[in-house]
Amino acid sequence: MKPIFSCSDRGGGPGSEYLDLFMMLPAEMSWMLDEQSFCHCCQLLLQWSQQLKDGWSWEGVQGSEDGYLRKTVLRSVVIDSSPVWDLEGSGSQSDTHTSCHSRPDQQGQETEQALCVAPEDGDSVRGDIDDDDDDDDDDDDGVCTVSGGSGQVLQYEYHILFSCSYGTPVLYFRAVTLEGRSLSLEEVWSSVHQNFRLRLQQSPLNTITLQEHPLLGQPFFMLHPCRTEEFMRPVLQAAQNQHRPVNYVLSWLSVVGPLVGLEVPLKYSTLLHPAASLGSTEPD
Amino acid sequence: MADDKDVLRDVWFGRIPTCFTLNQDEVTEREAEPYYLLLPRVSYLPLVTDKVKKHFLKVMKAEDVEEMWLEYEGTPLKWHYPIGVLFDLHASNTVLPWSITVHFKFFCPLVAKKLQYRDLLHCTSNSVIEAHFMSSIKEADALKHKSQVVNDMQKKDHKQLWMGLQNDKFDQFWAINRKLMEYPTEEGGFRYIPFRIYQTMSDRPFIQKLFRPVSPEGNVHTLGDLLKEMYPAALPNDGEQKRYQVVIHGIEPLLETPLQWLSEHLSHPDNFLHICVIPTPTD
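Heads up: the sequence lines are chains A and B, in that order.
Going by this note's numbering, the letters in the first sequence line up with residues 24 to 307, in that order.
Going by this note's numbering, the letters in the second sequence line up with residues 291 to 573, in that order.
Hints in this document: simulated from the structure, not taken from any laboratory.
Treat the hints with caution; some may be incorrect.
Claimed, not checked - Simulated pairs of lysine to aspartate or glutamate, DMTMM-like, Cα-Cα distance not exceeding 25 Å:
hint, chain 1, residue 1, chain 2, residue 2
1, B, K518, B, D493
2, B, K368, A, E209
3, B, K518, B, D528
4, B, K436, B, D447
5, B, K343, B, E363
6, B, K351, B, D340
7, B, K436, A, D89
8, B, K395, B, D340
9, B, K499, A, E58
10, B, K395, A, E209
11, B, K499, A, E235
12, A, K94, B, D493
13, B, K518, A, D57
14, B, K436, A, E253
15, B, K341, B, E323
16, B, K395, A, E202
17, B, K518, A, D89
18, B, K351, B, E321
Okay, chain A solo, but in the shape it has when bound (with noise of 0.2 Å):
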């Protein structure tokens, strides 16, 4: 039997975005996104990032019912010219990959050497323990203040898909300088906050290489969507136990955004547990 997660909207009269959370667990306890819940998780993300003045919009794809979440940010970043990576040979951005189920290589990490930089919003790799206060304006523009390099001014560019094949959603993005020029592998590592980077690099969870969009056919970077089901499973299952409404994109996101420095405001929490934000409780 098909799993199926859900999150439908308990419906009725304006302010009414509680939600409501069932799931069918299936006898293998794997937590799945069907499309048709994912869809409906991003339109709820959408109505929150709204109000929120987040910045995300959907994006439909021509001719189909297919389409996913997008987000621009500005972003003034200083990018150390020297490589973060060895791709020759070592092949690191894909010894990574392969070590999904294996300790990753070390190797990419003898030839990193001091380096660069959080992006200005420095804030997003202290992920949600975060003043959000700053948040609302997305074309952040201050510069960091780390030596050596240059600074520039960049477009992030986020889209988040869904991939059938895994039932979790997928995060695709690209960088590129305002003359037009994308970045590559490397430039785009460089601008990982360092912590995050040693993390990613260390862990099997996320890997980040360049795809094929599946939608559009251009070149994107991508975070692996393979482990998602494995780091999301305790918050779903924490969910279903105390018997908090959750969305499972927004709770995605919140996990692997701050990875490449995109944020998401604590905000959208109080928008999703207004009850909890009223302060009325349940016992565990």
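With chain A held as given, fit chain B onto it using these hints.
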């Protein structure tokens, strides 16, 4: 069943006679002879074109060389597509040998618009191809067996799949791959069929969705059923002339063919059924 095993061999050993010619605008020290090669349908261009590269580098000056990329009649060839798919999609029904143009400079007026795709046109090392190949195998198994079979394999089994492809060793490859083609007898087939439908009529690179080999009522799904659900435009209307050909490994299987059988026998080594929908030639 002996016949079915033959199909596996025929698919594996499919070849496309190809002629590589250097792009006229490349700066050379002397004239470059074309280079002829039989390309394996089931492999990938960067894995089998080292000789091509060496041949043309002999007439080039080092400073004029960026990355080698390949193009057919103005269409840049993406490195991560199986060779047979590229041929069926872009050069089916043309006179052999397949004429591919070799480039060493990224700027080329002919294909300028397409150069935003430059990152999809070359890859830096064999380990990148391996990662891509293994990623496809894992994704296919996620669809077929919820990843259980591929996850139960040891790393050396994964390696054997890749080495089998890289070194063109059918038996070495299938010793492991047969496990990925099994399914519980009571199920009647895989959970979902890994497939991709390609076409050149729109920008969308491919269609890939969930599709079961057997309906809930127990009806065996055919290739025609798949197309009806995923790409009905590919099917001819009643009485109408056939506008499109549905091509797998250079042939047009009957639409009545069971999808499960196609998945077991006509998949590529990456365990996906790559299906090309191309306009019927008008001649």
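Against the structure, the hints:
1. B:K518 with B:D493: Holds, at roughly 21 Å.
2. B:K368 with A:E209: 21 Å, holds
3. B:K518 with B:D528: Given that 25 Å is the threshold and the Cα spacing comes to 13 Å, the pair holds.
4. B:K436 with B:D447: Measuring from Cα to Cα gives roughly 18 Å; hence the hint holds.
5. B:K343 with B:E363: 19 Å, holds
6. B:K351 with B:D340: Measuring from Cα to Cα gives roughly 18 Å; hence the hint holds.
7. B:K436 with A:D89: Measuring from Cα to Cα gives roughly 23 Å; hence the hint holds.
8. B:K395 with B:D340: Answer holds: K395 (chain B) to D340 (chain B) is near 17 Å, not above 25 Å.
9. B:K499 with A:E58: 10 Å, holds
10. B:K395 with A:E209: OK: K395 (chain B) and E209 (chain A) at ~21 Å, within 25 Å.
11. B:K499 with A:E235: Distance of about 17 Å is within 25 Å: holds.
12. A:K94 with B:D493: The given pair, whose Cα atoms are some 21 Å apart, holds under the 25 Å limit.
13. B:K518 with A:D57: Between K518 (chain B) and D57 (chain A) the Cα gap is close to 21 Å, so the pair holds against 25 Å.
14. B:K436 with A:E253: 13 Å, holds
15. B:K341 with B:E323: Within the cut-off at roughly 13 Å; holds.
16. B:K395 with A:E202: 21 Å, holds
17. B:K518 with A:D89: 17 Å, holds
18. B:K351 with B:E321: Between K351 (chain B) and E321 (chain B) the Cα gap is close to 13 Å, so the pair holds against 25 Å.
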